[in-house]
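Assemble the complex: chain A is given as a structure, and chains B and C must be docked to it using the hints.
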Amino acid sequence: MTLEKVREILEGELVLDAGNPDTEITSVCSSDLMSDLLHFSSEPKSLLITGLNNTQVIRTAEIADIKAVVFVLDKRPDRETVEMAKQKGITLVVTRLSRFTACGRLYAAGLGSCTGVNR
Amino acid sequence: MNIRDVVEALSLEVKTTKGDLEHRITGCYISDLLSDVMANAKEGEVWITLQTHPNIVAVAALKNLSGIIITNKRTPEEETMKKAEDERIVIAVSPLSTFEAGGMIYKILRC
Amino acid sequence: MAQNRHIEGSFHLTGGDFTNAGAASSELKSIMSHLNISPDLVRRAAIATFEAEMNVIIHAVAGVMYYLITPDLIKVVLNDMGPGIPDIEQAMQEGFSTAPDWIREMGWGAGMGLPNMKKNSDEFRVDSVVGEGTTVEIIIKIKEGKTQ
Chain A
0 MTLEKVREIL EGELVLDAGN PDTEITSVCS SDLMSDLLHF SSEPKSLLIT
50 GLNNTQVIRT AEIADIKAVV FVLDKRPDRE TVEMAKQKGI TLVVTRLSRF
100 TACGRLYAAG LGSCTGVNR
Chain B
0 MNIRDVVEAL SLEVKTTKGD LEHRITGCYI SDLLSDVMAN AKEGEVWITL
50 QTHPNIVAVA ALKNLSGIII TNKRTPEEET MKKAEDERIV IAVSPLSTFE
100 AGGMIYKILR C
Chain C
0 MAQNRHIEGS FHLTGGDFTN AGAASSELKS IMSHLNISPD LVRRAAIATF
50 EAEMNVIIHA VAGVMYYLIT PDLIKVVLND MGPGIPDIEQ AMQEGFSTAP
100 DWIREMGWGA GMGLPNMKKN SDEFRVDSVV GEGTTVEIII KIKEGKTQ
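Respectively, the protein sequence lines represent chains A, B and C. Each residue of the first sequence is one higher than the one before, starting from 0 at the first, in numbering that gives the first Met the number 0. Each residue of the second sequence is one higher than the one before, starting from 0 at the first, in numbering that gives the first Met the number 0. Each residue of the third sequence is one higher than the one before, starting from 0 at the first, in numbering that gives the first Met the number 0.
Next up, chain A with everything else stripped away, as it sits in the complex (with noise of 0.2 Å):
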């Protein structure tokens, strides 16, 4: 599904649009821990949702290639973030959902999980 069809489920605003809301998003990564999301296999396609919201989130994500970023609990992203983000094109989104409404809905909704290497 797009990436907009994502932030509509998640009720999310838009705090920065950093390309396409056209983008095809097939799998999410959940999760708080960065070196994590550097486990995940090349996923061009791959959504994170996180709860945790300073620049060390966006650095991993752009590492990992992950091309947007769901924050939950509304929590918002700093000035200096939203700036990070906007130089990595990386997309911010935040829902006041919690991050288990949030993959809740998004895993009832036939995304799935981008965690390859731990099968």
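Don't take every hint at face value.
[Stated by the list, open to error] Reference listing, derived: stretches of chain A covered by chain C, where coverage requires no fewer than 3 residues with Cβ under 8 Å from a Cβ of chain C: (1) 25 to 33; (2) 56 to 65.
[As the list claims (entries may be wrong)] Straight-line distance between alpha carbons at most 27 Å, and here's what the computed DSSO-like set of lysine-lysine pairs gives: (3) 72/B with 117/C; (4) 118/C with 72/B; (5) 117/C with 44/A; (6) 74/A with 81/B; (7) 4/A with 74/A; (8) 81/B with 41/B.
Hints in this document: simulated from the structure, not taken from any laboratory. Where a beta carbon is used, it is the ideal one built from N, C-alpha and C, also for glycine.
Relative to the frame of chain A, chains B and C by itself:
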């Protein structure tokens, strides 16, 4: 619905022996940040995390959570297991990703 | 041009500098991408380098990241002044971490750094002297003719 139902539905491996599997579940909380769990998790929720260190037991006990599910094939540290048995906190592990485990619990809680 | 390629450089790393943590790896990733190295190799190198850089920021006082890119390989060496690693075998175990709690609250300290580095490298070495520091060497081999 209790912890045992979740364990069965997700084919979880229960690592503790003294935890109460009949503990009723009020919901589910997913986070790897202890401060976040301390602030936002509610009593009776089952907690999904990747963290394996002993502090998770203290948090689960303080917040009266119904249990901890550690995903991505991670294994709890020895000290963590000791504390969990002392505090009678259920710890279960799974090869599922956090997203999948959360998604599956979401589905069964909705029914 | 690819045949004669020999690019090297270095970055200084400051322990505890979380504001800039990852910046060196990010820049190195950018350099590699512009050299038309296969994206998969760039990704692996970036991940291994990033984990190594974070280890320096989290545990050490300061360090240097040195990189060398030739037609045959990408080599990154991180040398730090820090506590060193008393038991390297133990440190290589997934989940083993000596990071303090406040580091975990920042999303690090899951104990996956060294294993992640090894997993993404073709050759990997760790040397350490307790009380002095640690050196990590990451080598990723470039297959001939693999350009984008």
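Hints and how they fare:
Only residues whose C-beta sits within less than 8 Å of a C-beta in chain C count toward coverage, and the stretch 25 to 33 of chain A has 3 of them, enough to reach three; the restraint holds. Only residues whose C-beta sits within less than 8 Å of a C-beta in chain C count toward coverage, and the stretch 56 to 65 of chain A has 7 of them, enough to reach three; the restraint holds. A distance of roughly 19 Å separates the Cα atoms of residue 72/B and residue 117/C; the hinted pair therefore holds under the 27 Å criterion. Restraint check: the Cα-Cα separation between residue 118/C and residue 72/B comes to about 17 Å, which is no more than 27 Å; the hinted pair holds.
A distance of roughly 26 Å separates the Cα atoms of residue 117/C and residue 44/A; the hinted pair therefore holds under the 27 Å criterion. Annotation: proposed proximity of residue 74/A to residue 81/B is violated, straight-line Cα distance about 34 Å (limit 27 Å). Note on residue 4/A and residue 74/A: the hinted pairing holds, with a Cα-Cα distance of about 21 Å set against a maximum of 27 Å. For the hint pairing residue 81/B with residue 41/B, the CA-to-CA distance comes to about 24 Å; that is within 27 Å, so the pair holds.
This entry does not satisfy hint 6, going by the numbered hints stated previously; all others are met.
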